[in-house]
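J.: Now for the letters of each chain:
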Amino acid sequence: MSDLKNIVLNYVKNEYLEEGDDREVDFNTPLISGGIVDSFSMVSLKRFLENKYNIQIPDAKATPDAFDTVNNIAELLKEFNIQ
Amino acid sequence: MANMGPYENVKENFSWSISEKELGYHNGEILNIGEYCTDRLCRMGKKDKLALIWEGFGGDVKKYTFNDMRLLTNSIAHFLKGLGLEPGDRICLFMDKVPELYFGFLGILKMGGIAQPLFSAFGSDSLITRLEDAKTAAVITQKKHLQKVRNIVPQMPYMKHIIVVDDDGSKPLKEREIAFHMDQAERIEHFDIYPSKAETPSVLHYTSGTTGKPKGAQHVHYSLIAQYITAKYVLDLQENDIYWCTADPGWVTGTSYGIIGPWVNGMTQCVLDSGFKAETWYKFIEKYKITVWYSAPTAIRSLMKDGDEIVKKHDLSSLRHLCSVGEPLNAEAVIWSKKVFGLPFLDTYWQTETGCIVISNYPGMTVKPGSMGKPFPGIDATVLDLKTYEPIKKPGIVGLIALKPGWPSMMRTYWNNEITYKSKFKNGWYICGDRSSIDEEGYFWFVGRDDDVINTGGHLVGPFEIESALLEHEAVAESAVVGKPDPVNMEVVKAFITLKPGFQASKDLDLAIMNFIRKRLSPLAMPQEIEFVDSLPKTRSGKIMRRVLRAKEWGEEIGDVSTLENDM
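Just so you know, the protein sequences line up as chains A and B, in that order. Residue numbers 1 to 83, in the working numbering, belong to the letters of the first sequence in order. Residue numbers 84 to 651, in the working numbering, belong to the letters of the second sequence in order.
Please note that a few of the clues may not be correct.
Mimicking SDA-like on lysine to any residue, the simulated pairs with C-alpha atoms at most 25 angstroms apart in a straight line are [claimed, not checked]:
#1 A/LYS61 to B/LYS507
#2 B/LYS395 to A/LYS13
#3 B/LYS360 to A/PRO30
#4 A/LYS13 to B/PHE359
#5 B/LYS388 to A/ASP38
These are calculated hints, taken from the structure and not from any lab test.
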């Protein structure tokens, strides 16, 4: 599980933090409500997870809450038997 | 009782001079928006009234009175002048919704500069396009956005200063960069405010078009006359209101009604600088007892998606007036807001070029859910025939929304682009670029854009800018970008792409292209869907026919395809 979380965390840090943005981001950092990933960018994060784990996340499950932290994302992925 | 009386009475007796009189402005006098929003209010006895309650992510709160705002905008103006910046210089604000953005805007105006706010999520490509066009002399930004500016500094010899408002000294600043800490800056009691006149340029807001680069709509200080009275009448701002405009000042709503309108009316306004979350928004309203809320259909539909139960957990009884802007507000959203808040969101219509609300629903006027409402008193609006550009007299016929030029906040030109500016006028009417009909009672009903510009989440995105950026991706041979329907954002960007030899369509390439555009331009411009195709529909002269692709996305008739070169 921590491998999965690290993969997602690293992806978020590399893709969504601007160069020079030295904010600490961990498994519990709010991504959506914290303004790191906006609602438009969330689509690309969803696409990353779908590609990486070969799943389809229905729009109804891709809510700002479900994507708000790496921990929340890990919980969401559990529903797809990804741990 | 609402500020505005019965619509028909007000319309009949309205003149912009009412606004001038209330503001104490006389033709030919000095008129500076920065002064009218700060010093003037202090002279009126509001110096101890709260002007701004700001809350950042994590609950960090800052509060400023009108006197604080007067002094701090003086400090900023003094600092900018001290750097050698001069009246008429374009000074860009490239920040999140921090207090420095709001006060920086007014500080720039106080020293005679032209404020050029840009959305902080813009990538370097979007930034350079707009800074290059304006030959911007300085950028005020935050540490977190500094690298995007640094990436393009070598291309900007005209850029004299990059001002960083939150530099902590942890990393050395580079050439042309300088730190400025507003809250620690010396508070300047007396600053010689630039003696701007009505027609002195004030704000440069960039907006996207179908073709070519984004255009800088240039406004003047006289816009204040329209922004004051529309904020007073439409937003119904009253002495004890606590106002919240959710728009980012990188866009025109965030300046006309997130800075100028509320403060020239002496309002206390709240700003929430954090990402969207229904729970956070409702808590914010509850905590500060917001009374007037100006938001956008995308946000309202997102709140709708989160359901009614979460609304019931919060005491939102302070709310008394709700308005919406950015894209058509669907009837379902109006009905939902009435159900859960006890109030309908009133739709307002305007655009970067108009500077103020031009068609709207008003307090006390019967709301027809889904309608844009009626022209603001003082605005002569109609719909024009699509071919003859003559006003359509018959109700229910779709035409081009058009306004008779001459209202105070109308853009004065497109920066460096007088030809495009002039092309916006037909038969003496300013053409907004949208289509609507007017019913037998005078209500306007929005139909859609009259061009290929994409309205996503209330922001206009130009397909040409995205297509140009796509061509810079190593795999892309050709592209066409259109809007596709979306239940929350009205439209989202969809790209049709042909690949260069040696590249194959794949999920990974799809994501790589999405991220490429997101970083180069902005998250708004990122295609949310990419369709790899063998060829694009073109005319015989080789021009890509976006409308064919768009019609397919919207399930509409494709129309005349006699000039189509290839079959889709």
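J.: None of the hints should be skipped; say for each whether it holds.
T.: Quick rundown of the hints versus the structure:
1. A/LYS61 to B/LYS507: This hinted pair is violated, its Cα atoms lying about 44 angstroms apart.
2. B/LYS395 to A/LYS13: Violated, because 36 angstroms separates the two Cα atoms, which is more than 25 angstroms.
3. B/LYS360 to A/PRO30: Since the Cα atoms of B/LYS360 and A/PRO30 sit roughly 11 angstroms apart, the hinted pair holds (cutoff 25 angstroms).
4. A/LYS13 to B/PHE359: At roughly 20 angstroms apart (the allowed maximum being 25 angstroms), B/PHE359 and A/LYS13 satisfy the hint.
5. B/LYS388 to A/ASP38: holds, 17 angstroms
Figure legend: structure checked against the earlier numbered hints; hints not met, in rising order: 1, 2.
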